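Protein chains: 2
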Amino acid sequence: MLQPNDYPLSVQFDLAAGTFAPITSKSERRLSEMMQSFYDVDAARAIVEQGDRVLYEVLYSPFETSKSDMAMCVTRIFPGKVGDEYHMTKGHLHERDDQPEIYFCLQGEGYLLLQTLDGEFRAEHWTKGTLSHIPPMWMHRTVNMGADTLVFVSVYNLSAGHDYEVVEAKGFKMLVVEREGQAVLVESEK
Amino acid sequence: MLQPNDYPLSVQFDLAAGTFAPITSKSERRLSEMMQSFYDVDAARAIVEQGDRVLYEVLYSPFETSKSDMAMCVTRIFPGKVGDEYHMTKGHLHERDDQPEIYFCLQGEGYLLLQTLDGEFRAEHWTKGTLSHIPPMWMHRTVNMGADTLVFVSVYNLSAGHDYEVVEAKGFKMLVVEREGQAVLVESEK
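Chains as they are written, first to last, in the numbering used here: chain Z, -18 to 171; chain X, -18 to 171.
Just chain Z, with the same shape it has in the complex (with noise of 0.2 Å):
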């Protein structure tokens, strides 16, 4: 028999604005929240003392049926930067080692920064429209690097997990930073 939850549902997104509507959650990540991501502390210290700010909100949208439990959600990385370093997702690895994820860029311009945890990156370039696939075992963050909102959509298995600990203690190899009025990959000194 079918369980309430078990019935089909849609979300409808407004494109232009790169939301969507119902959502079940939204959730808001503030700069004080990631200190330990960003390479230049005092930046981050200056502005959370001067007034904390959203680097990023998601909205989420569960479909967990009594048989399955894929999920989505929507990621708005705001503009702007940390020192010279542009606005970015926390970052996580799933922790289960077979949990795939997609990523499919809405609106704006960024990076897809990915990592194993034996060293391997990679970064992808995102323009409106890219669509990614996060295979397994890789850690991934997001990068704003342009002047309006970047806008993703996510599908995942919620069994997939999240480990945010992991991205704080290796960090990402390469950093995506402003120099001369571009947005470059750096390499990252810590």
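For the record, the hints were derived by calculation from the structure and aren't laboratory data.
Incorrect hints may have been included.
[Unchecked claim] In silico lysine-lysine, DSS-like type, Cα no more than 30 Å apart, as pairs: (1) Z:Lys7 <-> X:Lys109; (2) X:Lys71 <-> X:Lys171; (3) Z:Lys154 <-> X:Lys71.
Remember, it's a predicted structure, so these values are computed and weren't measured experimentally.
Could you slot chain X onto chain Z? The hints should help.
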């Protein structure tokens, strides 16, 4: 150790054109392969006798890794009718009973028809931007009732499997037909 197919992969959508690149394969579905799907068999036969018609095409990009088997495809249903019934996909049920799918309408207008083996039926109305979750155990078919090509992205696991025969045998309870210039849902007489 990572295998060659364990690396990130991106594709680029042209959201205005409703296509993406690179694609791994492209397949076409012709009316002659769906003679049992439309209710007006005489209308279907007359069209095929005058020259077979491509109803839709599927652009495919699998993201199979050594640990996972996510896949993505874009279906493009061309506008038109067979008799007074709108162009549609053949429709399928996943062979596994724990496999959902996400559909994201990027262009056009139509219906996503869903039905369980117990006869529960739902029709989700689609416009540009509608994203639908198809729970496990629901047969699903998409209908283009607009003047433009209906374009949607699918995300699913390859291991889900496709059962087309059950849809041919059972059919859907409702059809999408034109009545007095309007697209309407009517009960099937099959």
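Cross-check of the supplied hints:
At most 30 Å may separate the alpha-carbon atoms for a hinted pair to count; Lys7 of chain Z and Lys109 of chain X meet this at roughly 23 Å. Between the alpha carbons of Lys71 of chain X and Lys171 of chain X the distance comes to roughly 16 Å, so the proposed pair stays at or under 30 Å and holds. Our distance criterion of 30 Å between C-alpha atoms is broken by Lys154 of chain Z and Lys71 of chain X, whose separation comes to about 47 Å.
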